[in-house]
Amino acid sequence: MAKAWTDKYVEVDGIKTHYLEAGQGEPLLLIHGGGVSSCAEVNYGSVMGPLSANFRVIAVDNVGYGLTPGRAPEHFSAEAQGKHLIKFMEALDIRAHVGGNSHGGWLCQYVAHEAPDRVLRLIVINSLNGTQAIPPEPEGLKYIFGPQGHSHEEPDRDRIREGMKKFYVDQALVTDERVELHYEIAVKNRDFALERATARSSSVDMLNEDLSYRGKHISEHADRLEMPVLMTWSRENRGSTPEDAMDFFNRVRDVEMHVFPNAGHHVMTEHPQRWSSVVTDFLKSDR
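Each residue of the sequence shown is one higher than the last, beginning at 67 in the working numbering.
Keep in mind that the hints were calculated from the coordinates and are not lab data.
Bear in mind the structure is a predicted one, so any value in this text is a computation, not a measurement.
It is possible that some hints are incorrect.
[What the hints assert, rightly or not] Only pairs whose alpha carbons sit at most 27 Å apart, straight line, appear in this in silico DSSO-like list of lysine-lysine:
1) K153 <-> K82
2) K69 <-> K231
3) K149 <-> K282
4) K208 <-> K282
5) K69 <-> K82
[To be verified] Beta-carbon label-pair distances, calculated as ranges:
6) A138 <-> N328: 36 to 44 Å
7) D222 <-> S268: 22 to 30 Å
8) D352 <-> R290: 21 to 29 Å
9) E219 <-> D289: 37 to 45 Å
10) Q237 <-> S343: 20 to 28 Å
11) N316 <-> R353: 13 to 21 Å
12) P213 <-> E322: 34 to 42 Å
13) A265 <-> D347: 39 to 47 Å
14) L239 <-> E145: 15 to 23 Å
15) R290 <-> E205: 22 to 30 Å
16) S268 <-> D224: 22 to 30 Å
Just so it is clear, CB atoms sit at the ideal spot from N, CA and C, and this is done for glycine as well.
Produce the complete structure using the sequences and hints provided.
Here's what the structure looks like:
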């Protein structure tokens, strides 16, 4: 199947940064999550085509993920990832709508707080890291680096396939092609991910410190967001449920929320046409 985008690179702070691009119009920057297989194509490949009918869509591989290398330990922290994204926007000279899934929901808020003149509107997608602090043990153990959470085991195709069957509600998405993509990205980035996780998320306290912004969790600054915010959630999302996200929702001054049924953590992959339609309507709406 032909790709709906062009693969591009730009040098950002000495790092050859990979991104996908499609379409024309107002820029829409999409930021992926923090899993070892996370990257622009895994998170947003399904929506590059639909969104490109109305926007110049740019999905970036964060520093240390996908096809963008990172420098250890310089690029381990969430703050360092956020700073790299701002420099990426500067390198492309764009003012954009910015969306982020999962850990990307933290990163898009960091960009909005630190470079508000470059952000038009925000989209926060199924994001625990961006909407609440990691809960204390024992619940918090499933979110940190460890056997009950993110263990970053040696990549194995069969293990990845079984994990994807739990990850997606729509089992038709668990194709050989998708399994291979997850596997290849995991192989490329596992060593860096292990070092990063050991340094930044080996305990609940350590991870919450990494997710803080100016002394407290970034979600506690939500009332300072100056731009309209769209929250897209899935009813079956693991981690932050729609109910869990309501504290964040109630902090934001100009916000809408859309909840999709029958979808896992990557709601945009499970409902690409409908999700793209909701996003497009929000971004084009009068505020």
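Comparing the hints with the structure gives:
{"no.": "1", "hint": "K153 <-> K82", "in the structure": "holds, 12 Å"}
{"no.": "2", "hint": "K69 <-> K231", "in the structure": "holds, 24 Å"}
{"no.": "3", "hint": "K149 <-> K282", "in the structure": "holds, 18 Å"}
{"no.": "4", "hint": "K208 <-> K282", "in the structure": "holds, 22 Å"}
{"no.": "5", "hint": "K69 <-> K82", "in the structure": "holds, 21 Å"}
{"no.": "6", "hint": "A138 <-> N328: 36 to 44 Å", "in the structure": "holds, 39 Å"}
{"no.": "7", "hint": "D222 <-> S268: 22 to 30 Å", "in the structure": "holds, 23 Å"}
{"no.": "8", "hint": "D352 <-> R290: 21 to 29 Å", "in the structure": "holds, 23 Å"}
{"no.": "9", "hint": "E219 <-> D289: 37 to 45 Å", "in the structure": "holds, 40 Å"}
{"no.": "10", "hint": "Q237 <-> S343: 20 to 28 Å", "in the structure": "holds, 24 Å"}
{"no.": "11", "hint": "N316 <-> R353: 13 to 21 Å", "in the structure": "holds, 19 Å"}
{"no.": "12", "hint": "P213 <-> E322: 34 to 42 Å", "in the structure": "holds, 39 Å"}
{"no.": "13", "hint": "A265 <-> D347: 39 to 47 Å", "in the structure": "holds, 41 Å"}
{"no.": "14", "hint": "L239 <-> E145: 15 to 23 Å", "in the structure": "violated, 33 Å"}
{"no.": "15", "hint": "R290 <-> E205: 22 to 30 Å", "in the structure": "holds, 28 Å"}
{"no.": "16", "hint": "S268 <-> D224: 22 to 30 Å", "in the structure": "holds, 28 Å"}
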